[in-house]
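*Asks:* Okay, here's what each chain looks like letter by letter:
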Amino acid sequence: MIHQYKLNGSNIVLDVYSGSIHLTDDLAYDAIAYLDEGKSREEAAALLKEAYVGKCPPGESAPVAEQDIADTFSDIDELTAAGKLFTEDVYSDKAFDLKQRTTVIKALCLLVAHTCNLNCSYCFAAQGKFQGQQGLMSFETGKRALDFLVEHSGMRRNLEVDFFGGEPLVNFEVCKELVAYARSIEKEKNKNFRFTLTTNGIGITDEVIDWANRECHNVVLSLDGRKEVNDRFRKDLAGNGSYDRIVPKFQEFVRRRCGQGYYMRGTFSHYNTDFTNDIFHMADDLGFAELSMEPVVASPDDPCALTREDLPVLFEQYEILARDMLRRRQEGKPITFYHYMMDLSHGPCIYKRIAGCGSGTEYLAVTAQGDLYPCHQFVNDPEYRMGDIWNGVTRTDIRDEFKLCNVYARPDCKDCWARLYCSGGCAANALHATGSILGTYEYGCELFRKRMECAIWLKAAERT
Amino acid sequence: MKHIQTLDTRDMAKSAVNGGCGECQTSCQSACKTSCGIANQACENSEE
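Sequence lines, in order, name chains U and E.
No gaps in the numbering here: position 89 of the first sequence is 89 in the numbering used here, and each next residue is one more.
No gaps in the numbering here: position 12 of the second sequence is 12 in the numbering used here, and each next residue is one more.
Rather than coming from a laboratory, the hints here were simulated on the basis of the structure.
These figures come from a predicted structure and were not determined experimentally.
Do not rely on the hints blindly, as some may be mistaken.
Unchecked claim - Among chain U residues calculated to face chain E with C-beta under 7 Å, some are: (1) Ser20; (2) Phe73; (3) Asp75; (4) Lys106; (5) Glu160; (6) Pro348; (7) Ile350; (8) Tyr351; (9) Gly358; (10) Gly370; (11) Pro411.
What the hints assert, rightly or not - Pairs of lysine-lysine residues, derived as PhoX-like cross-links and limited to a Cα-Cα distance of at most 25 Å, are as follows: (12) U/Lys39 with U/Lys94; (13) U/Lys6 with U/Lys414; (14) U/Lys333 with U/Lys249; (15) U/Lys191 with U/Lys143; (16) U/Lys191 with U/Lys176; (17) U/Lys176 with U/Lys187; (18) E/Lys14 with U/Lys39; (19) U/Lys129 with U/Lys176; (20) U/Lys143 with U/Lys129; (21) U/Lys403 with E/Lys2; (22) U/Lys84 with U/Lys333; (23) U/Lys227 with U/Lys55; (24) U/Lys84 with E/Lys2; (25) U/Lys235 with U/Lys333; (26) U/Lys143 with U/Lys94; (27) U/Lys55 with E/Lys2; (28) U/Lys235 with U/Lys249; (29) U/Lys249 with E/Lys14; (30) U/Lys176 with U/Lys94; (31) U/Lys143 with E/Lys2; (32) U/Lys6 with U/Lys94; (33) U/Lys6 with U/Lys49; (34) U/Lys414 with E/Lys2; (35) E/Lys2 with U/Lys94; (36) E/Lys14 with U/Lys6; (37) U/Lys39 with E/Lys2; (38) U/Lys84 with U/Lys403; (39) U/Lys49 with E/Lys14; (40) U/Lys55 with U/Lys6.
Where is the CB? At the ideal position from N, CA and C, for every residue including glycine.
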């Protein structure tokens, strides 16, 4: 499968199944397109001759000659022989093998607090209350969750644990105790725990900063950008915006993090489709360099929901961001946008790209009461309760359903060029959009594809 | 090559042979967990 597009003056050709990325001139771009359409070499050559021969390409002084067409086909032949162009899908059998595989659990999302000190109206978790469950995780429950993870992790050494909620810092003492417990057993168990904290910032103190910077592999700090944008949704229980309280804490937190992983993580909605201004505010006015902005996922009848009419605006925003990031890099002051990070030469293997996030199999969410769910997004739905940390996964049918929930199991993904970049997307979003975890959330797909095009363009531009 | 420049990318077919160790970070495809996606992940296996 071939996907080709033009962006910011670059002609980009992706060979989906080999993962190859090519930059071409116009002649080669059209030649590949003709061949991909099924035209014969002779038909393609005739069309190219008519369109190009004797004419000067933009920026070139010499006209295109017939030899250029022959050279282009030679380039294409060389890449095809090397398995970098027009490659076939040879992975579908491996996708179905996934159901047979033995999986270990390697990550837990601990919902340590089913409550929050903010009242953000767009919160998918209803401020941590989910389906009516409230309360804080006890140390004993959390400890058992960590033991459960170790017991089910097999030979896997790196184990990931996210402190999530609700707002996890509402239950900071237990977070501290759980990390201390994990550190006390990891050597004996030959494990390496990697903790992540996702916080709204209200509960950040000096002690939290020291602890997180010592113990947490990554921290995700929630801020939507400009004050008026952040405070539209991110209010406290009394209805007051949080921006003025959290921004100085986040700045201090990041200053003392000394280069360790973090993300400023915002949400944009129909009310701020100019979201690059929020990213630039966080970068230029607040001094943050590791940034993420995510599209809100809301019911279509919610006024904040993104609309079809917003899509071209959002596409333009992603292009603006990519061009601006290139400029910043060239000026020696780069910023990172989460979705534009791509490790082209040492990224995920094909198994990871097919299997996706591992929800319900390798990754589970644990509620404050110790119940197990496929991931944090499913805690709203009692039908997806898989068991608990004392008795393990008892609903093996749910686990098996998720085990086979991969990009090849989703009919909508069959013809999508981005399938090996997204692995079929989020099962929860698919469920909410279509009623099935094997569906797709098409609006999210459209944004994802645009982000990937921009990310690949940026990578190419940085290298050339 | 005169008309096509190819970026250095991981060979997916080769990764089918020697990939799949499972040590990579658990990813999240929903919007809420920015800490872990898939397209931007790095492979944990230094021998790949």
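*Asks:* Now, for every hint given, state plainly whether the structure supports it.
*Replies:* Do the hints match the structure? See the list:
{"no.": "1", "hint": "Ser20", "result": "6 Å, holds"}
{"no.": "2", "hint": "Phe73", "result": "9 Å, violated"}
{"no.": "3", "hint": "Asp75", "result": "4 Å, holds"}
{"no.": "4", "hint": "Lys106", "result": "6 Å, holds"}
{"no.": "5", "hint": "Glu160", "result": "6 Å, holds"}
{"no.": "6", "hint": "Pro348", "result": "5 Å, holds"}
{"no.": "7", "hint": "Ile350", "result": "5 Å, holds"}
{"no.": "8", "hint": "Tyr351", "result": "4 Å, holds"}
{"no.": "9", "hint": "Gly358", "result": "5 Å, holds"}
{"no.": "10", "hint": "Gly370", "result": "20 Å, violated"}
{"no.": "11", "hint": "Pro411", "result": "18 Å, violated"}
{"no.": "12", "hint": "U/Lys39 with U/Lys94", "result": "31 Å, violated"}
{"no.": "13", "hint": "U/Lys6 with U/Lys414", "result": "23 Å, holds"}
{"no.": "14", "hint": "U/Lys333 with U/Lys249", "result": "23 Å, holds"}
{"no.": "15", "hint": "U/Lys191 with U/Lys143", "result": "15 Å, holds"}
{"no.": "16", "hint": "U/Lys191 with U/Lys176", "result": "18 Å, holds"}
{"no.": "17", "hint": "U/Lys176 with U/Lys187", "result": "18 Å, holds"}
{"no.": "18", "hint": "E/Lys14 with U/Lys39", "result": "30 Å, violated"}
{"no.": "19", "hint": "U/Lys129 with U/Lys176", "result": "22 Å, holds"}
{"no.": "20", "hint": "U/Lys143 with U/Lys129", "result": "22 Å, holds"}
{"no.": "21", "hint": "U/Lys403 with E/Lys2", "result": "45 Å, violated"}
{"no.": "22", "hint": "U/Lys84 with U/Lys333", "result": "34 Å, violated"}
{"no.": "23", "hint": "U/Lys227 with U/Lys55", "result": "54 Å, violated"}
{"no.": "24", "hint": "U/Lys84 with E/Lys2", "result": "16 Å, holds"}
{"no.": "25", "hint": "U/Lys235 with U/Lys333", "result": "32 Å, violated"}
{"no.": "26", "hint": "U/Lys143 with U/Lys94", "result": "36 Å, violated"}
{"no.": "27", "hint": "U/Lys55 with E/Lys2", "result": "17 Å, holds"}
{"no.": "28", "hint": "U/Lys235 with U/Lys249", "result": "16 Å, holds"}
{"no.": "29", "hint": "U/Lys249 with E/Lys14", "result": "46 Å, violated"}
{"no.": "30", "hint": "U/Lys176 with U/Lys94", "result": "41 Å, violated"}
{"no.": "31", "hint": "U/Lys143 with E/Lys2", "result": "61 Å, violated"}
{"no.": "32", "hint": "U/Lys6 with U/Lys94", "result": "33 Å, violated"}
{"no.": "33", "hint": "U/Lys6 with U/Lys49", "result": "21 Å, holds"}
{"no.": "34", "hint": "U/Lys414 with E/Lys2", "result": "34 Å, violated"}
{"no.": "35", "hint": "E/Lys2 with U/Lys94", "result": "37 Å, violated"}
{"no.": "36", "hint": "E/Lys14 with U/Lys6", "result": "29 Å, violated"}
{"no.": "37", "hint": "U/Lys39 with E/Lys2", "result": "23 Å, holds"}
{"no.": "38", "hint": "U/Lys84 with U/Lys403", "result": "30 Å, violated"}
{"no.": "39", "hint": "U/Lys49 with E/Lys14", "result": "37 Å, violated"}
{"no.": "40", "hint": "U/Lys55 with U/Lys6", "result": "21 Å, holds"}
In summary, the structure is inconsistent with hints 2, 10, 11, 12, 18, 21, 22, 23, 25, 26, 29, 30, 31, 32, 34, 35, 36, 38, 39 from the numbered list given earlier, while agreeing with the others.
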